[in-house]
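Visitor: Could you put together the complete structure from these sequences and hints?
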Amino acid sequence: MNDSLKQYADELPPIYKDILRSFSRIDPNRRMGHGLAFQTIAADLTEKYGFGEIQAAGVRLVDVGLAEIKHGVFLHPTGVGEEVIACITGSLAPTDLVPMLSPPPSQ
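Residue numbers for the sequence shown follow the working numbering, beginning at 1 and rising by one.
Some clues are possibly wrong.
Straight-line distance between alpha carbons at most 27 Å, and here's what the computed BS3-like set of lysine-lysine pairs gives [unchecked claim]:
id	residue 1	residue 2
1	K17	K70
2	K17	K6
3	K48	K6
No lab work stands behind these hints, which were simulated from the structure alone.
Guide: Here it is, written out as structure tokens:
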């Protein structure tokens, strides 16, 4: 983690830190780049933020390149987003541990 990214993460407003932190809190076994539904994030943060606030903050995370929205309902961290999550949480999500599988030879 570089110092400027760590400083950026430290200075994020609380809603963004809370959303990014929720990825590893909700799914401790989440793999790098895997997303969560807005509804899942909102349920995790229901005591602090409304669903609309979570969605609006998610769009802003997309606008700055920290996340992308897939199928209109899933928020997925980008590579830089994963680095910011690591700055906030202290650990980087692992990549897939299951090895690739080649197709069998044609007969």
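Visitor: Return the numbers of the hints above that this structure violates; sort them in rising order.
Guide: Violated hints: none at all, because every hint is consistent with the structure.
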